[in-house]
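Undergrad: If you want the building blocks of each chain, they are given just below.
Number of protein chains: 2
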Amino acid sequence: MICQHVSIKTIIPLSLSSQPLNSLKSDEAASGPKQGPTFQDGQRRVDYVLTYHIQKPRSFRRKTSHFGDYRILRSLRRSLSMMRGRDTPPPKEDPEVAAHKHRLDYHEDDKRFRQTEFEDNLREMGLELEKDEGNKIPGIGFLKIHAPWNVLCREAEFMKLKMPTKKVCDVVERINLFIRKVTAPLHPKVEPNRAQNVKHLSHPFSREKQHLFDLSDRESFFDSKTRASIVSTIDLKFDLLKMTITGITSLLGNGVYTAAYPLHDGDVDSMGPEANDRKILYEEWASYSVFYKYQPIGLIRKYFGEKIGLYFAWLGVYTQMLIPAAIVGAIVFLYGCATVDNDIPSMEICDPRNNITMCPLCDRACSYWKLKTACGTARASHLFDNPATVFFSIFMALWAAMFMEHWKRRQMRLNYIWDLTGFEEEEVSLCPCFGTCLDKKVKLTCTDRAPAYMTGLFTMLFMVGVTFAVVFGVILYRISIRAALHMSSNPTARTNIRATVKGTAAVINLVIIIIMDEVYGALARWLTLLEVPKTDKSFEERLIIKTFVLKFANAFSPIVYLAFFRDGDYLCYLRCAHAGCLMELCIQLCITMLGKQLIQNNLFEIGIPKIKKLIRRRKSDMDSQQQEDYNMTLQRHEKDHFLGPFVGLSPEYMEMIIQFGMVTLFVASFPLAPLFALLNNIIEIRLDAKKFVTEVRRPIAGSAKDIGIWYNLLRGLSKVAVIVNAFVISFTSDFIPRLVYQYMYSPDGSMHGFVNHTLSYFNVSDFQPGTAPLQPMHLGYEVQICRYKDYRETPWSNTPYDLSKEFWAILACRLAFVVVFQNVVMLMSDFVDWLIPDIPKDISLQIHKEKILMVELFMKEEEGKKLLRDSHAKQSPLQPRSRPASHTPSNC
Amino acid sequence: MICQHVSIKTIIPLSLSSQPLNSLKSDEAASGPKQGPTFQDGQRRVDYVLTYHIQKPRSFRRKTSHFGDYRILRSLRRSLSMMRGRDTPPPKEDPEVAAHKHRLDYHEDDKRFRQTEFEDNLREMGLELEKDEGNKIPGIGFLKIHAPWNVLCREAEFMKLKMPTKKVCDVVERINLFIRKVTAPLHPKVEPNRAQNVKHLSHPFSREKQHLFDLSDRESFFDSKTRASIVSTIDLKFDLLKMTITGITSLLGNGVYTAAYPLHDGDVDSMGPEANDRKILYEEWASYSVFYKYQPIGLIRKYFGEKIGLYFAWLGVYTQMLIPAAIVGAIVFLYGCATVDNDIPSMEICDPRNNITMCPLCDRACSYWKLKTACGTARASHLFDNPATVFFSIFMALWAAMFMEHWKRRQMRLNYIWDLTGFEEEEVSLCPCFGTCLDKKVKLTCTDRAPAYMTGLFTMLFMVGVTFAVVFGVILYRISIRAALHMSSNPTARTNIRATVKGTAAVINLVIIIIMDEVYGALARWLTLLEVPKTDKSFEERLIIKTFVLKFANAFSPIVYLAFFRDGDYLCYLRCAHAGCLMELCIQLCITMLGKQLIQNNLFEIGIPKIKKLIRRRKSDMDSQQQEDYNMTLQRHEKDHFLGPFVGLSPEYMEMIIQFGMVTLFVASFPLAPLFALLNNIIEIRLDAKKFVTEVRRPIAGSAKDIGIWYNLLRGLSKVAVIVNAFVISFTSDFIPRLVYQYMYSPDGSMHGFVNHTLSYFNVSDFQPGTAPLQPMHLGYEVQICRYKDYRETPWSNTPYDLSKEFWAILACRLAFVVVFQNVVMLMSDFVDWLIPDIPKDISLQIHKEKILMVELFMKEEEGKKLLRDSHAKQSPLQPRSRPASHTPSNC
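Chains as they are written, first to last, in the numbering used here: chain B, 112 to 1003; chain Y, 112 to 1003.
Read the hints as simulated data drawn from the structure, not as lab findings.
Watch out, some of these pointers could steer you wrong.
Because identical chains cannot be distinguished in the list, a pair is counted as satisfied if it fits within a single copy or across any two copies.
As the list claims (entries may be wrong) - Below, in silico cross-link-like pairs of lysine to aspartate or glutamate (EDC-like), each with a Cα-Cα straight-line distance of 20 Å or less: (1) LYS916 - ASP901; (2) LYS977 - ASP452; (3) LYS976 - GLU319; (4) LYS277 - GLU973; (5) LYS277 - GLU967; (6) LYS830 - ASP944; (7) LYS273 - ASP334; (8) LYS278 - ASP949; (9) LYS952 - GLU651; (10) LYS222 - ASP647.
Build the full structure now, drawing on both the sequences and the hints.
TA: Here it is, written out as structure tokens:
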């Protein structure tokens, strides 16, 4: 309205301003046929929708009496119910029922007051409202909000939204045209008519500088995403400004409104020739048939905003980066397969001539056994425990560093393309807890907060403890089963059962992980609410950290246990002897990863929504034809009402971060992890896309420059990965003992004799009372000396069964390897970090070019002003009042 | 000029605009008596000065003829000299002399052309110039530049300079008043009349929003620093915009101008009652008598700009943080002193009853010796090698993390106070190399750059090699002296000489370090120039990294050598035996640190400028009275001309970073390092302050949000410090062997017998031919078995002289310590990093408050507009042309 009647006299050089002058017509006149959902008049677009429960007509009776003076009542709201309880004598009803009714009644009235108040506020801000207490969906009322042009302009200026100017600037075409053509089939078919190598310079929107912008098509100058986010900012401003309970977040929290969402652009299966963005996204992105294509990140951002755009860009980069890792991992695995027959230690184990008698694996129940029975396991473990795995963990540590760098660059590029450079994130809301913390808005001191923090800390510690207890439970299960197994005398049954035990234990772990995951998610939320964080952002970050710690401990405790802790010492000397600590670790990882991904993603994410839909359909008592017909009659805001609410990106990120942890942390023990992750992610991208496009309400577009705390978590993980891999290689695998044997002890520099070297001697006469096997003749001969896997002195040395010199030498080597590996890899990562510039070269050139263009634009403008001034100076002595002639009918 | 005649119709609510309306008078009318140096008219202030050599009048003759058409000639400049050589027949002179004269002549003309061109450009930009080809300083011309109000406004708007608005906002007074009062004597006495807890909201300057700013005093709205930096930006813009050779940097590089500097505010010893900022700084900051006070950072920033302000703020934080480190370090040292008598190993060494015969320390020349002669060194080394040093290194690692965090917070606070939030650093200049790279401005490809990079890399490697060679040379010196020493038979002479050798070696190292430091500085500069970096910032960063690597290698190579490498093995078994590897390291560190600081800082930084001044005075053939009188007659710009040029902050930072390295890297070996650093820094702050205030020309104020690459270097150093300290403690000190002995080998859990345990046995019959001592009877008895410090098998074992089990056990423990120490300390540092929020709480609150104020301001403005519009709407049907009446005589 400001825009229409009062012109702001910007001094525009004529050459520059001629175009906007023509295009700037009055608001309503300029608008042609509207796209998308509109008000009843078919003109004003619906930018935002609030829904609420429609009260029963019964309460209207009383409501009207209050309606006039709600302003006074508002301040008395809290004490009202009590007062009324006294003033109005109860009608002839049972007093208790009446009181209850009153409470309900008051509640409804209160809601109604606050609705009205909020709506008045919105109108005061210049927004236009329309109510639809429709008949199609009983009990639900819709409040449609339209932001007129002047409000959009005002808020865009205040938010310093960067909008494209008319000035275009060539994008340096660094990618060879040939490469572009070759990769053409990989690009999604969106925006075919957009000029590829031209970019509009952008400038923070300002009504005083409107001549810079191309306002010819006002309908599309602010797209639907921007309009919705402008409206939602206005809603939020109440929170910020008035510190009252009138902000939308608190109204949602108190149930005054039930939902607030912008509308989708159209139907995904609309038949019309003009495709809406949602339909294009559905066809070119949210479909499994385009799994091999790049994602249309630009369009995703345009439709969903930067936050979701960044998530998918990140997921894309991650998936892309997984391709080389998966290939190298597969090669490493194949190398293991190919060299299994040349592995001297496993050959020695399998060689029947090496007739080594091993000591019993447990007290009394177990007996002596032949080493060659461990042949199969030894061969299998070579697949995962060979020199190539060392190379692969170094590779993956560098890969992680490269990935982080690559993402930084991609982010920077997106920031440039999306004009986010210089954008500062604002902490929008003070009240994150949806109304529940309103009464706590008094300033909380440290003392007030301490109990919550303590509760949080101890609950977290307790839950991590529980996780480990569960793992220990599974270990107990294994031990008991294995003890039973050793009682049996059938050797083939034993081998089978051993594998079965390992497998079932892993599956049990998996099931527990999945159940606990859900529990932990809820727990983290509750703990964060207890802490009453001050802002949305802080709430989110705290929640993420808590969820991360719990879910991470949950997912990795069995693996950590397998990697670094052993069963009780005397229970099993050989648990890891040539039969694969790494092997077991690998099985666990494999089952956890595959299982988690398959069950959580595919079953939970695909299955449960399907089931929910089915239930809803059942409830509505319509067959599918009826349903479809009914759907056809629904308006956009009603259709969107049936979709699920958008719950944020945290679960999606969390899933991926845990996966990233699996890929990097224990890569030394499971080289196929990147491949599995890659396959999962290819599905994941499209799955998430489908969810966002078709299954949830359109989220309010959030602006973001980066992925925030997730980046720090990734960084932390890739740092921890280095040290974990160092320990896995040096302590869990046989890599170091082999090297030490080869270079320090081997008589001929080969691996021959390694198995013998790792086994110490035990004199059966040294068994402590009650520990000797019950069946000493199990192997068919009497055993004098048996062997066990450890580096200890011989029974006939001065200090029998003491740790031997070899033990200390190998331990020193293991530790030296850890020190060297950790520091070298860290140094290399930092070097990669330093070597790759954070800002891609073409982007920094481009930014520089834009800066020059802006200087030029500014200079031109100044020159224009000067010219205008000069011409005025000439005129002014004659016609001092002629200046109004130069007024331009500027609109904003 | 735009401002005066053409009004921009900003629609300002009357309530808001009433004040500026009154205060906005015409440019020249508003100006009262001017402060600081002015043009000859006494009105226009000198904002910037360029100096140039005045040509001999001889060349004027020809110059005038070209002067008219220099525009055409400009483009032909390059080919001109040749052409003229042909066209104009040479006068009757020796042709060679004539040609030379022509060349000179042409050169002078060319300079003159470019000067005129540049000055025209400046005038075109609206700047006002005045020449002073004065008589006081022969041969030097001054070009004084004044930026009028409208130019300042225009550029401030373009640079988006944040200026204080009229809106004030209370600063939350978190510091208790009592504390304020107690610390009052520590605060410098500047700005006594400034309200302490009030801050003006700031907003990017915009001529359209000028009603926001308090423009009542135009003289002081832009202070002298801001004016100068605006002018220098205009100079630089030529580089950016036209890509020609007309920018000031290239003109300076080509000698067209000899210097460019803003003027100081006044004399430091001016008598007048009104103090200028420079005088206040001189009295309250650049004086040793106020060494115990805080620095007036706000005033420093106001006078010198953010970059220098940040340097001194950083130096202040560093010095402040050194206080606790120095105290703890001193306590650790005192603990060492106090416990030296209780140290069992040194007691055992000194105990004459332990009559241990040691093996010779070198082949043939040396003979057997008694362990108790090493008593003194053993006791001395306890001072630096005791359990407290381990605690101290952990403390210092955490201290470093705390320091980084503390600085981050301080920086954030300064950013807030200085209104730098949201400020983006710009890469101002494309041509850093002062004109020399102009011809290379063609795009350099990787292939073009490769040679320079290669040269750089290899030169750096070579120089680091040279450094180590020098260290090796010093070692050779020590060996030869020591060999000579061992020939002497006087034992007391020996001990004295041994100390002398160590001392002289350290001094030689120091001298070499200081000489090489200067060489390396020049070398790094040359190497960076070779690489032709694209921007000033990149030039500076590359230079800093190169200088850092070279200077760092230089300063630390002797220390690293002493810490981790040993002299040839058989030369000296006992070099480190109870006589202190750590001891020697400590001597070297002590001498390097003290010497470097004393000589480089105090001698070089104080002495050399004094000497230069003296020489200059000698040259001018005046006694001090004459000099003073002469000085009195000089104008500001002439006085400043005599000051040294400002050479940037890099040398100052570099010095501090090297010191930081000494403090953190080898803190385990020298706990007094922080104390020495603290004492040095207290002097350093005032020394640098004196230099900036009195001895150099005023630098152009540079804006910066942070200390840039120095922060990364500090971070890198504190990371490296963790691992270096881990290695020093575990490998250089006796900490781990003692612990291992106590818990694994000691019969009674005490340290008794430790010395014996560390010494292996050697059978003298096993001497290799030619290595047995020449004087076997030196001690007066025949030796059968002698002892040496190592963990090896006894001569009577199965594997004589092999490394023993103890060796491997201790090695494993040493390495385990490294792994644990590194990871624990890194984790703790990260934890400290995470625990302390980067933004101080009061600042984040304050920022939030300001944001709300801005929202309010904006809303008020909108309301005002609305009111105005409404009143117009009422009037408009009657008087549609009355709008001009609301025009405000806005000026900018």
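Undergrad: With identical chains, the pair LYS916 and ASP901 could be close in the same copy or across copies; at 20 Å between alpha carbons, which is it: within, between, both, or neither?
TA: Answer is both: 12 Å inside a copy and 16 Å across each meet the 20 Å cutoff.
Undergrad: Pop the pair LYS278 and ASP949 into one bin, within, between, both or neither, using alpha-carbon distances up to 20 Å.
TA: neither (27 Å within a copy, 39 Å between copies)
Undergrad: I want to check one pair: LYS977 and ASP452. Are their C-alpha atoms no more than 20 Å apart within a copy, between two copies, both, or neither?
TA: Neither: 86 Å inside a chain and 87 Å across chains, both beyond 20 Å.
Undergrad: Is it within, between, both, or neither for LYS222 and ASP647, if the alpha carbons may be no more than 20 Å apart?
TA: neither (24 Å within a copy, 62 Å between copies)
Undergrad: Is it within, between, both, or neither for LYS277 and GLU973, if the alpha carbons may be no more than 20 Å apart?
TA: So LYS277 and GLU973 pass the 20 Å test inside one copy only (18 Å; across, 27 Å).
Undergrad: My question is about LYS976 and GLU319: at a cut-off of 20 Å on alpha-carbon distance, are they close within one copy, between copies, both, or neither?
TA: For LYS976 and GLU319, the Cα distance is within 20 Å both inside one copy (14 Å) and across copies (13 Å).
Undergrad: Checking LYS830 and ASP944: alpha-carbon separation at most 20 Å within a copy, between copies, both or neither?
TA: both (13 Å within a copy, 15 Å between copies)
Undergrad: Treating 20 Å as the Cα threshold, decide for LYS277 and GLU967: within, between, both or neither.
TA: Cα proximity of LYS277 and GLU967: one copy only (14 Å, versus 32 Å across).
Undergrad: How would you classify LYS273 and ASP334 at a CA-CA limit of 20 Å: within, between, both, or neither?
TA: within (13 Å within a copy, 31 Å between copies)
Undergrad: Quick one: LYS952 to GLU651, C-alpha cut-off 20 Å, is that within a copy, between copies, both, or neither?
TA: Classified as between; 18 Å across copies, 34 Å inside a copy.
Violated hints for the displayed structure, listed by number in ascending order: 2, 8 and 10.
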